[in-house]
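J.: Listed here are the chains, written in short residue letters.
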Amino acid sequence: MLPMILMIALLSFYPVLRVLSMSVRQQSLYGGDSSFVGVQNFMTLMAEPIFAQALWNNIVFGFGSLFAQLIIGLVVALVLNQQFYLRGAVRGTIMFSYLVPYVVAAITFRFMLSDATGILSYLINASGLPISSSPFGSRDWAMPAVIAVNTWKNFPFMVIVFLARLQGISQDLYEGASVDGARGYQKFLHITFPLLLPTILVVGMLRTIWNFNNFEVIFLLTSGGPLRMTLTFPILIHRYVFGEFSMGRGSALATIVLVLLLAMAFVYWKLYEKMQERTE
Amino acid sequence: MMSYRDEQHVSPAAIVVTKKWAKQHGVRVTASRKVVQRKLLFTVFAIGILVVALFPLIWMFFSSFKPNPEMYSRPPRFLPEVWTLFHYQELFWFTSFLQYFWNTLATAATASVVGVVVSLCGVYSVTRFQFIGAKFFTFLMLFIYMLPPILLAIPFFQIWFSLGMLDSLIALMLTYLTITLPFAVWILRPYIDSIPREMEDAGRVDGCSQFQAFVKIIIPQTLPGISAALIFTFVVVWNEYLYAQILIRSEMLRTVSLGIASLILETSVYSWGLVNAAGVVATIPVLVLFVFIQKGMVAGLSAGAVKG
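Residue numbers (this note's numbering), protein chains in the order written: chain A, 1 to 280; chain B, 1 to 308.
Read the hints as simulated data drawn from the structure, not as lab findings. On a predicted model such as this, the values are computed, not experimentally measured, just so you know. A virtual CB, placed ideally from N, CA and C, is assigned to each residue, including glycine. Heads up, a few of these hints could be off.
[Claimed, not checked] If the Cβ cut is set under 10 Å, some of the chain A residues that face chain B in the computed set are:
{"no.": "1", "residue": "Gln83"}
{"no.": "2", "residue": "Ser114"}
{"no.": "3", "residue": "Ser223"}
{"no.": "4", "residue": "Leu227"}
{"no.": "5", "residue": "Met229"}
{"no.": "6", "residue": "Trp269"}
Start from the sequences and build out the full structure, keeping to the hints where you can.
T.: Here it is, written out as structure tokens:
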């Protein structure tokens with residue numbers, strides 16, 4: 001059994017170590033001579049204005065998606081936790097957008113938001129709202145649009161996890177509160193929300209990391225454009241490595257992202273341990 | 001929903017008559033009018049949410065049956081005026097989509113089966129043989145879970161390039177193992193953890209070898225977890241785009257995701273009907289599989305995140 005563990009360790013650590021070693025070298029994507037350049041890759045990388053812009057975009061995209069997913073996920077979970085007809089069927093089908101491929105999410109939204117054919121473009125134009133009817137090409141609306149698509153794609157994850165937790169809350173608590181004369185929102189604030197909080201923190205951390213790493217949504221919708229308005233680190237790494245064949249710079253940026261994520265993962269790990277202690 | 005069996009002390013007011021009990025005892029249960037009204041109200045809410053959430057997919061589905069000129073009709077029509085299978089014919093006869101479909105199916109099926117078998121052994125060894133590495137192993141899994149795919153893509157590209165295996169489905173499948181392994185471990189672990197040690201020990205007392213105990217006791221107990229893990233990892237690989245985009249160059253080796261992406265990224269003038277039909281075809285296997293394991297998948301998904 002030990003060889004298996006070693007294999008998995010190899011699968012994960014070897015690529016990471018390789019990226020780390022490449023981040024301090026200058027090398028082309030297709031190998032060839034490499035020379036040790038120390039922290040030079042990091043210096044040139046951070047000196048470019050595009051670095052700060054991508055970092056900012058990544059934060060906006062990551063946390064913007066997170067809050068949208070959290071709020072929508074929570075509201076939907078609370079509604080689906082009520083008693084209603086066709087409960088099982090609705091709870092199952094709400095997951096669909098989470099299950100479809102990212103390319104499908106990309107084509108449906110491109111189709112719905114293309115000027116000539118799009119139903120959403122038509123509705124935006126008809127409503128007279130000051131929103132661009134083709135947001136993926138608009139400086140101001142590209143970021144909100146990719147956040148919206150990412151939210152649509154991933155909010156069901158939140159719904160599933162929240163529902164699982166909500167079902168674990170004993171009805172006795174609510175009945176007791178009712179006897180004491182608590183109103184609906186009071187029950188939510190004093191019973192549901194505190195019990196949901198650890199779950200919110202944990203899935204929040206997971207989703208922060210996944211949103212931060214997300215490549216597909218932006219690549220397939222805007223590829224980082226227009227005018228770098230939606231350019232995030234994953235897109236930039238892809239551009240450095242597979243567009244400019246600059247292994248060193250791409251690896252250096254990947255290393256920076258990894259350090260950021262490890263910091264977040266550390267928090268997640270601590271939360272996870274804390275939760276396990278509580279349940280044991 | 002509350003069931004009275006779960007509660008240790010039940011106050012009379014809290015007893016809930018289940019539908020099954022009522023049927024068995026021939027009792028007619030009539031809910032009060034207020035309860036029915038509330039239920040109806042939330043049914044409307046829930047269906048409303050569902051329609052909004054699924055609208056992009058519904059729209060894609062109906063649009064795939066519309067003739068091309070109808071795509072441009074203003075105001076847009078929900079249902080096709082004339083239903084046509086033209087786009088599907090175009091997809092299967094005039095593009096290599098069937099080949100893409102097969103490529104994805106073979107890659108995803110292999111990666112998910114191998115991943116689940118290997119991780120089943122791995123999880124078992126971690127939970128049963130209490131060697132020092134158990135905690136490290138869990139941490140390792142979490143670590144892999146969080147690595148940015150774009151970071152992994154760089155060394156994978158280099159490794160396959162130096163082995164001369166770039167642009168092959170085998171290399172793609174092996175790369176996908178780095179996704180399916182941790183995923184399967186994540187889903188399987190709670191199932192194996194929940195099997196009481198005593199069950200296995202009883203088997204060992206009766207003369208089972210460790211391996212027999214694994215095959216005869218652990219596997220049957222873990223079956224729901226195994227099917228969930230198989231389908232879940234299959235779906236994840238079926239949907240994958242980034243690694244395929246980086247490792248695959250030949251048109252004939254494209255996966256479904258690559259094929260669709262090339263329709264929208266590489267050509268500026270495209271037939272929306274064709275794109276929508278391709279989207280429907282890419283979506284169907286995922287949703288069909290989902291219907292089989294809905295329960296297992298929900299449990300598996302939430303098992304990792306909410307252990308409490």
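J.: Hint by hint, which ones does the structure fall short of?
T.: Hint check: 4, 5 fail, others pass.
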